[in-house]
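2 protein chains.
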Amino acid sequence: MRDAYHDELKALTGRLVEMTRLVRSAMSRATTALLDSDLPLAESVISRDKDVNTLLEEIETTSFELMATQQPVAVDLRTVLTALRISNDLERMGDLAVHIAKITRMRHPDSAVPAEVRDTILEMGQIAERLVTKTGSCILTQNAELAQQLEDDDDQMDRLRRRLFRVLLSPDWTQGVEPAIDVTLIGRYYERYADHAVRIARDVVYMVTGSRITENQAEGL
Amino acid sequence: MRDAYHDELKALTGRLVEMTRLVRSAMSRATTALLDSDLPLAESVISRDKDVNTLLEEIETTSFELMATQQPVAVDLRTVLTALRISNDLERMGDLAVHIAKITRMRHPDSAVPAEVRDTILEMGQIAERLVTKTGSCILTQNAELAQQLEDDDDQMDRLRRRLFRVLLSPDWTQGVEPAIDVTLIGRYYERYADHAVRIARDVVYMVTGSRITENQAEGL
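First to last, the protein sequences are chains A and B. For the first sequence, my numbering gives the first residue as 548, with consecutive numbering after it. For the second sequence, my numbering gives the first residue as 548, with consecutive numbering after it.
So here's chain A without its partners, still in its complex pose:
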């Protein structure tokens, strides 16, 4: 019985890693679709989000059953609770990729991305992928040191978002209000995607060490 239990705990981690792969692929396709105004690719991001949601539900069901029947304590309890938190963050990351795909769809066959911000958004997409790849490694290897690297990538994402605003507010911006709104929201979605990745990394640290960065620490309050 206890062996089946530890197999299930391991399977939980496996499903989380699988979720990181799905939301990485979703964001990668969302970025390409956005930059290339590729409608079928954008549609694939939207329609395949249900696979992410299904994995979330599996993780929630398994976690609940594990807690109800095995009553884990200490590191095992932290593992199950953390799996619940992480799966919710990953589900949200999938939604953010969908939001970007929907902007692509709304503007198609035009592009939602004016030339002036193309490079910045390409870079945001690359950092998003790097972040979620590291998030997957973090979960799989339970390597708390990797978590620090994610914070650095997140800082880079914030810098890119500030660069976006500078371009939108520069006197050279001639695209008007509608593209500015799109780019503002797109920037916000990449930033939030990165925030969730960082939150997951912190959760892995908590799972491994049992000590958590508080919200007040995280927000510098």
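Note that these hints are calculated values from the structure, not bench results. It is possible that part of the hints are untrue.
Since the list can't tell identical chains apart, any single copy or any two copies may satisfy a pair.
16 Å max Cα-Cα, derived EDC-like pairs, lysine to aspartate or glutamate [claimed, not checked]:
#  : residue 1 : residue 2
1  : K681      : E604
2  : K649      : E766
3  : K597      : E766
4  : K557      : E670
5  : K597      : D585
6  : K681      : D700
7  : K557      : D642
8  : K681      : E605
9  : K557      : D699
10 : K681      : D598
11 : K681      : E590
12 : K557      : E590
Based on these hints, arrange chain B on the given structure of chain A.
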């Protein structure tokens, strides 16, 4: 021992209701500060967010201890797990009020809200307050019917956000790009605040009934 346990479960609900009061007050002050360009009020939203975070930490600590020592099952387990989810949503709602307060601070002594969208934002603020008040009642009374009302208020919030976009994109919009960016983000923050309130209401339904609306159902996939 089991009596102390049920007292602690009840105290958990009390702390959640207290959190709804804090994030309601935060959003109420954030809206007033935004509309009146009131810097001290905006600052109060930002500085008092730590109280929300502290409550979150207390709820997380209590929940973990309850699970580790009392090993709840069935409705008690759902109550503890739901308290964890709800407290995370409430913490996020507090952050969204802070985001609005920070826009107020950034533009002060100017207003971030041009006259053309003032009424719409006032209404968004009112719906946000109504939502979180009902969320608090939902948690306190565990009334699953109230949850449906929240979905209706959320639809109203979505309509207001579309109205915001219509104003920003109308040929009459003469305010340029910077206020359009501010209003886009402000609208997004109110919308997300409402989304979290709805998620909490659904969690209360789950806590009471044991059946959950899946993400695929919620997202219409």
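Results for each hint:
1. Taking the closest pair of Cα atoms, K681 and E604 never come within 16 Å of each other, the shortest separation being 23 Å inside a single copy and 27 Å across copies.
2. Proximity of K649 to E766 under the C-alpha cut-off of 16 Å is restricted to the inter-copy arrangement: shortest distance 13 Å between copies versus 30 Å within a copy.
3. Within a single copy, K597 and E766 get their C-alpha atoms only as close as 32 Å, which misses the 16 Å cut-off; across copies the closest is 9 Å, which meets it.
4. Taking the shortest Cα distances, K557 and E670 never come within 16 Å of each other, neither inside one copy (34 Å) nor across copies (48 Å).
5. For a Cα distance limit of 16 Å, the shortest separation of K597 from D585 qualifies neither inside one copy, at 20 Å, nor across copies, at 44 Å.
6. Proximity of K681 to D700 under the C-alpha cut-off of 16 Å is restricted to the intra-copy arrangement: shortest distance 10 Å within a copy versus 39 Å between copies.
7. In this assembly of identical chains, the alpha carbons of K557 and D642 never lie at most 16 Å apart, being 26 Å within a copy and 34 Å across copies at closest.
8. Within a single copy, K681 and E605 get their C-alpha atoms no closer than 23 Å, and across copies no closer than 30 Å, so neither meets the 16 Å cut-off.
9. Proximity of K557 to D699 under the C-alpha cut-off of 16 Å is found in neither arrangement, the shortest distances being 29 Å within a copy and 41 Å between copies.
10. Taking identical chains as interchangeable, the C-alpha atoms of K681 and D598 are never at most 16 Å apart, the minima being 21 Å within one chain and 32 Å between chains.
11. For the homomeric pair K681 and E590, neither the shortest alpha-carbon distance inside one copy (26 Å) nor that between copies (36 Å) is at most 16 Å.
12. Taking the shortest alpha-carbon separations for K557 and E590, neither the intra-copy value of 33 Å nor the inter-copy value of 46 Å comes in at or below 16 Å.
Violated hints, in rising order: 1, 4, 5, 7, 8, 9, 10, 11 and 12; the structure is consistent with all others.
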